[in-house]
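Peer 1: These protein sequences, in sequence, are chains P and R. Per our numbering, the very first residue in the first sequence carries number 114; after that it's consecutive. Per our numbering, the very first residue in the second sequence carries number 1464; after that it's consecutive.
No lab work stands behind these hints, which were simulated from the structure alone. Ideal placement from N, C-alpha and C gives every residue a C-beta, glycine not left out. The reader is advised that the hints may include incorrect statements.
Within a straight-line C-alpha distance of at most 25 Å, the following computed SDA-like cross-link-like pairs (lysine to any residue) qualify [said to hold, decoys possible]:
(1) P:Lys159 <-> R:Glu1474
(2) P:Lys159 <-> R:Arg1498
(3) P:Lys272 <-> R:Glu1474
(4) P:Lys159 <-> R:Thr1501
(5) P:Lys159 <-> R:Gly1621
Pairwise CB distance ranges, derived in the manner of DEER restraints [what the hints assert, rightly or not]:
(6) P:Gly280 <-> R:Ala1711: 57 to 67 Å
(7) R:Ala1488 <-> P:Arg237: 18 to 28 Å
(8) R:Gly1592 <-> P:Gly120: 42 to 52 Å
(9) R:Gln1594 <-> P:Asp169: 42 to 52 Å
(10) R:Ala1603 <-> P:Arg287: 54 to 64 Å
(11) P:Gly120 <-> R:Pro1707: 38 to 48 Å
(12) R:Ala1585 <-> P:Glu290: 49 to 59 Å
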Amino acid sequence: MARVRGGDADAYAELVRRHAPIARRTAVLLGAGADADDVVQEGFVKAYRALGTFRDGAEFRPWLLRIVANEARNAHRSAVRRGAREENAAVLDADLLHRAGDAADPAQAVLLADRRVGLLAALRGLPEPHRLVVTCRYLLDLDESETATVLGWPRGTVKSRLHRALGRLRAELRTAEEVTDA
Amino acid sequence: MPEATNSMEAELRALAAELDTGAPAADLAGAVLLRIRTEPVPAAPSAAAERVRRARSWLRARWRAVLAALVALLAGLSLAPPVRATVAEWFGFHGVVVTQQPGPAPTSAPPPPVGTRQVTLAQARVLVGFQPRLPSALGAPTGVEVSADRRVLSLTWGDDRGGVVRIDQFNGEVEPRFWKSVRGEVQFADVRLDPAIWFGVPHELVVLLPDGTHHREPSRLVGPTLVWQSRGLTMRLEGKQILPEALAIAESVG
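Model the full structure from these sequences, guided by the hints.
Peer 2: This is the structure:
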């Protein structure tokens, strides 16, 4: 960070390369869709401009991801407004999960894929704060304090919303299973 | 039910392992460097800026409670005159909340961002749900933008000396939108008969979303700004360095 502030462009390029994969994952999972690459690029540019507000000793990753997450949500909102509606969700799920069929036993693979699609659908059905907190904690594998930074919530809020979100997911899946079994 | 929780967590982690979100663009670092090459080198935050930042993030997380306390305080004003002095540090202005911060003000600010012609005025009107109000002193805007949440309309004009004037308009009934931290003086003024506030020194501007949980973009340092209300809209004008020039434009808004 000292090198970036010293005007070393290569140092920032290094930061970009190091954090690009998680930034892209964040953008995709928070709904940037086809705009993910633009969102990531915009995120890194905005982060650079805002480096003056970055505290020495703070962690760069959650700070960056918060900017990317806000960009992704804005992109998602304007995409919805442009008419690219949520119908893409199913396509996206299939796309995201295209590796789930790699299991050795095809029947097993189908079952597993079904279960994953069901879980993703249940996740998508959660109210936004619950979906966000589960996405950050488990799909992006951020810890509690990183999640708090990315979402701009106090840590206690992260904890309580996560707890409630998991409860809802369990209830959703149980209902879905009962319907399938009947 | 800790077991159920654990199995749900395990399942989510397994799902995460299977989600393929693709690789970042190959030329990402190059593209970013190209865009920031003309930008000033970012400075480390000063101790004063750091205190302001802490205060701001505290406020951001708790602004509803702070506002509630403030309203309670204002309600109690007639009963408790000594509190007035404290409250004078704070005042709300239809969608704008001003806090006065101690410490020296930043000495300069970049010019306001230039809007792109993303939408026509007619489209903007549909998006924001109110009639855009134009200043006759400036003619047709060169940039028209609507914020992602469709609440703020931004009009910009480039003047012939290379300066930029920007007017943001939004419905005054919405929740506090622009949270300004002001160090130094604010001045009351009138735009025709409407009340106005002039921020004569550069200050930081943070845009709050209605859910109060986050702001739209990193805070931006803005130059002198005139904020006023007129027929249900709150308007803010940036780009003029002295109050009479800003007022001349504001008073020409139809």
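Peer 1: Compare the structure with each hint and give your call.
Peer 2: So, going through the hints one by one against the coordinates:
1. A distance of roughly 35 Å separates the Cα atoms of Lys159 (chain P) and Glu1474 (chain R); the hinted pair therefore is violated under the 25 Å criterion.
2. Using a Cα cut-off of 25 Å, the hinted pair Lys159 (chain P) and Arg1498 (chain R) holds, with the two alpha carbons roughly 10 Å apart.
3. Using a Cα cut-off of 25 Å, the hinted pair Lys272 (chain P) and Glu1474 (chain R) holds, with the two alpha carbons roughly 19 Å apart.
4. At most 25 Å may separate the alpha-carbon atoms for a hinted pair to count; Lys159 (chain P) and Thr1501 (chain R) meet this at roughly 14 Å.
5. Distance hint between Lys159 (chain P) and Gly1621 (chain R) is fulfilled; the C-alpha atoms sit about 23 Å from each other, no more than 25 Å.
6. Checked against the given bound of 57 to 67 Å, the beta carbons of Gly280 (chain P) and Ala1711 (chain R), roughly 59 Å apart, stay inside it.
7. Distance hint check: the CB atoms of Ala1488 (chain R) and Arg237 (chain P) are about 26 Å apart, consistent with the given range 18 to 28 Å.
8. Distance hint for Gly1592 (chain R) and Gly120 (chain P): a CB-CB separation of about 46 Å, consistent with the stated range 42 to 52 Å.
9. Hint check: Gln1594 (chain R) to Asp169 (chain P), Cβ distance near 48 Å, so the stated range 42 to 52 Å holds.
10. Distance hint check: the CB atoms of Ala1603 (chain R) and Arg287 (chain P) are about 60 Å apart, consistent with the given range 54 to 64 Å.
11. Under the hint 38 to 48 Å, the C-beta atoms of Gly120 (chain P) and Pro1707 (chain R), about 40 Å apart, fit the expected range.
12. Ala1585 (chain R) and Glu290 (chain P) have their C-beta atoms about 51 Å apart, which keeps the hinted 49 to 59 Å range intact.
Taken one by one, the earlier hints fail for this structure only at number 1.
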